[in-house]
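Q: Listed below are the residues making up each chain.
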Amino acid sequence: MAFITASWNPLGDAFYRKTELYEMSWSLRDGLRDSLVAAAPYGGPIALLREPQRRSPSSRPQLEIYSASGGAFASFPWKSGPVVQLGWTVSDELLCIQEDGTVLIYDLFGSFKRHFSMGQEVVQSQVLEAKVFHSPYGTGIAIVTSSSRFTLATNIDDLKLRRLPEVPGLQGKPSCWVVLTQDRQTKVLLSNGPELFILDNTSCTVVCPSGLSPQDGSIVHMSVSFSYKYLALLTDTGHLWTGLSTLQEKLSEVDTKKTTVPKQMLWCRRPKSQQPSVVLMWDRLLLVVGVCNETIQYPIEDPCVLVGEMDGVRIISSSNQELLQEVPLVCQDIFKIASMAPGALLLEAHREYEKSSQKADEYLREIKEQSMLGEAVRQCVEAAGHEYDTNTQKSLMRAASFGKCFLTDFSPDQFVTTCRELRVLNAVRDSSVGLPLTHTQFKQLTLQVLIDRLVYRQFYPLAIEICRYLKIPDYQGVSRVLKHWASCKVQQKDLTDDAIARAVCVKVGDSPGVSYSDIAAKAYECGRAELAIKLLDFEARSGEQVPLLLKMKRSQLALSKAVESGDTDLVYTVVSYLKNEMNRGDFFMTLRNQPVALSLYRQFCKLQEQETLKDLYNQDDDHQELANYYVTASYREKRLEGRLSLLQSAVDEYNKAKNEFAVKATEDEMRLLRFQRKLDDEKGAGLLGLSLQVTMETLLSLGLHKQAEQLYKDFRVPDKRYWWLKLKSLAEKEEWDELEKFSKSKKSPIGYLAFVEVCIKCNNKYEAKKYVSKVTPEQKVKAHLAVGDLEGAADAAIERRNEAEMGAVLSRCSPSNSLVIERLNRARAAIAKNFDSIHTQAPHLDRRTSCCCPFTIKASVCSIAGVIL
Amino acid sequence: MAHSARRDSPELPDFSILKRLARDQLIYLLEQQHEVDKLYKVEHKPVISTSDQLCFLIRPRIQTVKWICDVVNADKVPGKSRRYKIIFTPQKFYACEAVLEEQGIFGDVTIDEWPFYLLPLDDDIISLELPEFFQDNFLAGDQRWVRTAGSALHLLYSLYGPFSKVYGIGRCSKMAYESWREQVEEGEQKARQAEIGNVFLIDRDVDFVTPLCSQVVYEGLVDDIFRIKCGCVEFGPDVTSSDKSVKVMLNSQDKVFSEIRNEHFSNVFGFLSQKARNLQTAYDKRRGMDIKQMKAFVSEELKGLKQEHRLLSLHIGASESIMKKKTKQDFQELLKTEHLLLEGFEIRECISYIEEHINRQVSMVESLRLLCLLSITENGLLPKDYRSLKAQYLQSYGVDHLLTFSNLRQLGLLVEQQPGETLTVMESKVGKLVNDKTAGKLTDAFSSLAKKSNFRALSRKLNLVPKMDEEYDLRVPRDMAYIFSGAYIPLSCKLIEQVLERDGWMGLEEVTRLLNGHEFAVTVDSKGKNDTQRIILVMFLGGCTYSEISALRFLGREKGYKFIVVTTAITNSSRLLEALLGNHV
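For the protein sequence lines, the chains are B and D, in the order given. Mind the numbering: the first sequence is residues 1 to 869 in the UniProt record's numbering, read in order. Mind the numbering: the second sequence is residues 1 to 585 in the UniProt record's numbering, read in order.
These aren't lab readings, by the way, just hints derived from the structure by calculation. Take these hints with a grain of salt, some might be off.
[Claimed, not checked] These stretches of chain B come out as covered by chain D in the derived footprint (C-beta under 8 Å, 3 or more residues):
1) 561-568
2) 630-639
3) 720-726
[Stated by the list, open to error] Simulated restraints, written as ranges between beta carbons of each label pair:
4) B:Gln414 - D:Gln32: 21 to 31 Å
5) B:Arg716 - D:Gln63: 35 to 45 Å
6) D:Tyr40 - B:Asp714: 47 to 57 Å
7) D:Val362 - B:Ser745: 19 to 29 Å
[Unchecked claim] In the DSSO-like style, the derived pairs of lysine-lysine whose C-alpha atoms are separated by at most 27 Å in a straight line are:
8) D:Lys384 - B:Lys658
9) D:Lys384 - B:Lys579
10) B:Lys765 - D:Lys324
11) D:Lys326 - B:Lys720
12) B:Lys761 - D:Lys324
Idealized CB from N, CA, C, for every residue including glycine.
Sequences are here, hints too, so could you generate the full structure?
A: Printed below as a string of structure tokens:
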């Protein structure tokens, strides 16, 4: 394959080659002459502004945007001010820096995105020169103004302007300058006559590059490498100094013997290069200067533009585009004439094999003897990656595949990956796409970014094809592309809403990770609300639809979608949004149709906005709740008058709600409050706010029987309640005579057992016994037991012939009551004869009592405890 | 207890990981992230601290947020500047942020979330510790916690799933189920060995009767009387027979407690005395030991015996205290009334008992409980009784209980019988508004208003009140009714039993109709192992009682299931009704 090395030129130990990338498909009338040109690295797009200085309104300059292969993206007349510099951001946006310091940003297709200014100060003094630079922080801009001041913006997406200090003695623009990024700081290196300065945020320092003598003259051109690591300085005597960008160390110094200032000077070095070089371009000459003091000269015919890449330099002329790069080591090894590297031998072996020659075996044997077959395969695969010509790629890969057959334990990963990547690279290098990426650049750029760039250039089918081919998970791959496609699709003005919605639905389907609400948002942004709603209908998660619906002022729909989603936070967000958007009436009406939202809002109001709650009920004519609201409010009110008037409102509302019971209860409460107030004033009884029962209790304990009696009558307190109350009260105060009188006042509505029990509770057995005789026969036994009269209880039980009661008495007997026990047992025996009849009378009650009394267990707890305590 | 217990019950999954997870998260959150050094309870009072950062760990309740606003605003008056951090658990709500915003302190605080959902109270009880779930969801119709329940279920699913089948009944259960399904679909699925087979979701409003009954199983009684908080109870001086209170963890680690917790109280003494005697024997072994044996005794057994001794004396103390409170005649009468209500006999006598209960002001909550029980079992009160009982109650406890009654009516706990009227006022009003598909949803939202309890019919269909032709031996229980002295099988547990037996709702159509529907049974993952099929997670939305847990444990022993109870909170009749009192909003 001798012809491959034909285009190689030696430079020191290395070789340099120029590979043709494209015949440019553009047709430029005047070539690249008199044009402002900006081409982005990584095979990025090219922007051209012809005759930027021409200002007459009749013939405006034309701004044109092309792909790297010359395919037209956009072309439009430039209507804004004079442009000083064009540049591309890392995300393929075009920056146009105007004389007045305004920076306009356009996308790839020439639509205006936004603009910003490089500072107020620039408006008065023009921008003389500007540079666009890339750093880890993004894309930056540096300008120098006619007042000789520098201004920097390190990241245009997060604009922070820094005005650098003044440079002593500088008039107008410096003879040359570059932006350096070092130690996370951005600095400007500039030369003014014989002096070299470094400008940083705070200071301006004179520097002297190590090893550059003043006799070499003043610096007229400088260039910093892609990685900001190396610096090249060209003096007016034609000396080229190369070294580290810290200026601390010199790599070499070469005399180019050219005293004219070159048009462009760029570093040309690949990562880990042994022989870096600098490319200088004059009108008719391209000079590659190696640090080894050697040079290569290429003549050029057309005006060209150089684009620095991480592993070479692209040379764009009006007719074609070439890549100048150092030949990668592995390619040198394989293709160098008479190379004996294993890869070269394998390639040869395969070529012989194709020719069906037995020499193939000899070559193979030779490699195998050195046990280098694995290395040989690796070399071929790697070299294939670096080659641009598909035929060379194929022959290398075939050779690798051939060699692989003779290896047993060889991992096919690298081979397979390279095959796939090459296929992708060849596809995007195609002139119709125009992304001339080298394998090294592709690795640096990453696949994700490549797909993004394809999407950005609207090569959707290719992007999807690549995602599928490389089996990228849908989330990061196909879905992402589809999302962009759909967002782009909805902007097509010539299609109807229906057609677009259908097209989007058919393509996107339910691919995971594609959010219809995002697409709809895009449609809405483009002013197509109807389309947005149609698209939202495809969104499966109703919660996702809400924010956009709100934005589109479809609040009713938003609310129902929020409710559907079951996310109360979302419902509440919509509710509070509606509250601010709508007038009260409409807002309440809307809530009324959404019970879930309504109850949520009510909850909030109960704690936070009592007044709103009232309005809410009012609006609904919900008199019952409104009345309840007033009752609640009345308890928060301290003043009696306020409380009464709130209760009156409650009464009115209860009336409207036809809740007579509540009306009466509330009116009673008002009456009670007035009564309590009166007594508090008269007697200082402290009654206000007590319940009726407690009021009466208090009155009785204070001895105010008459007033208690009055309440009893006024409020129609049930007799039973009043009797219980009075009974307890008298017993507690131990007014036994009063109690007896009371018991005889009329027949007790609560019976007399209550009297017995209350007296016992107050530890007065004597008084209790007085009432035993009055107790009804059914309760006799209980009454006797309560006062501890076992015999009486036994008598009563026997008289009533009730077995259960007898049992109850028996359970209370201790052995000392043997007489009673005997009597009871006898009586029980007598009853047993009539057992059947009794049992049928109350069968279930019997069982119930036996299981209702689980706690009457004889085991004394204390005795258990005694065992161990 | 039950000698027929099946021996082949599967093992419960280990839930201690949940506890460890929560603890590690909390420590990280408080110590590492916020450098908290002292902890206080959040209360509505000024904060006295010189610290320049305050960190609040709270539930997303508007009330608490308002307290914090007061604290911050109080600091602003003297111009004190501090950093404020609010950590919401398990999540923040937009409404809380809105309050901060309205009070003008949104900028002063930073907000964080701690997704803490599940607190394992015991080997088989996990609580969300959200008592407000019941009130918010069933009374106020505020569904904010449904998603939380769904997330809790999802957490269990991702740790112990995949589940084979999910059954459920109730509106809220259905929504929680759907929320969980959504989360399953969003998240990634990991194939793992299932540790929980089936899931049963049930709304508290499906069965209000059970939590309204007096509990007579030991654990339930302890909760009713001493109130168990987060599985921990404080026994007062009357129990400890000293002047100090003691806090005791009640769980299966407590060997004495774990044997009596599920027992009917009447058996507890027998058991305790037997235990005491055994203990004495163990102690007595000391006599006649030589030095070597004594040494072994001290090092091996004594500590265990001492521990057991301590626990035994505590539980004996508690039982005594319960005896003192409950053996009074009142309690027996009360139980008798309850049982009569459940059976539907002698209602008039029950009503006069309740009337007396109210008149004598025995207990505000107890009276309310009986009223509710009466209303539910009788499908509402006769208008005359409804009015007179309410009037008497108001006389006893104040007119502010008008609001309480309004709440109870809304939940269908205490209602008036309305013969012939099928739609309530509210529903017909709503009906006018509705003419599209939302109709179903709207009526759902108000279904509680129209809801009839249908208890009597349910009781007949499911045989909830056992026949009484023979003596019920509480020592050897026949069925789950033992937890209510053999008088009533809890409806919730009976439903679970039936659905598991039938593997769905087939044949229970009439029952679900009476319960207002919303039942579902879904097969999620059909390839479950046989053994895990018998591990069943029961999730109560709105709380469950200890009695229900005891009943499920009994059912598990009988049928060879293992139940895991997940509940929004442990409840009982008092907690349930206190949440509905209208006078403290």
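Q: Now tell me if each hint is right for this structure.
A: Against the structure, the hints:
Only residues whose beta carbon comes within less than 8 Å of a beta carbon in chain D count, and the segment 561-568 of chain B has 3; three or more means the coverage holds. Counting residues of the segment 630-639 of chain B whose beta carbon lies closer than 8 Å to any beta carbon of chain D gives 3, which reaches the threshold of three, so the coverage claim holds. Coverage of the segment 720-726 of chain B by chain D holds. Counting CB-CB distances below 8 Å, 3 residues qualify, and the rule asks for three or more. The hinted range of 21 to 31 Å is not satisfied by Gln414 (chain B) and Gln32 (chain D), whose Cβ atoms lie roughly 44 Å apart.
For Arg716 (chain B) and Gln63 (chain D), the Cβ-Cβ distance of about 40 Å falls inside the hinted range of 35 to 45 Å, so the restraint holds. In this structure the supplied range 47 to 57 Å holds for Tyr40 (chain D) paired with Asp714 (chain B), their Cβ-Cβ distance being about 51 Å. In this structure the hint that Val362 (chain D) and Ser745 (chain B) lie 19 to 29 Å apart at CB holds, the actual value being about 25 Å. For a cut-off of 27 Å, the pair hint linking Lys384 (chain D) to Lys658 (chain B) stands: about 17 Å separates their Cα positions.
Straight-line distance between C-alpha atoms of Lys384 (chain D) and Lys579 (chain B) comes to about 44 Å, which puts the hinted pair past the 27 Å bound. Pair hint Lys765 (chain B) plus Lys324 (chain D) holds up; C-alpha atoms about 21 Å apart against a cutoff of 27 Å. Note on Lys326 (chain D) and Lys720 (chain B): the hinted pairing holds, with a Cα-Cα distance of about 25 Å set against a maximum of 27 Å. Of the supplied pair hints, the one linking Lys761 (chain B) and Lys324 (chain D) holds, its CA atoms being roughly 15 Å apart against a limit of 27 Å.
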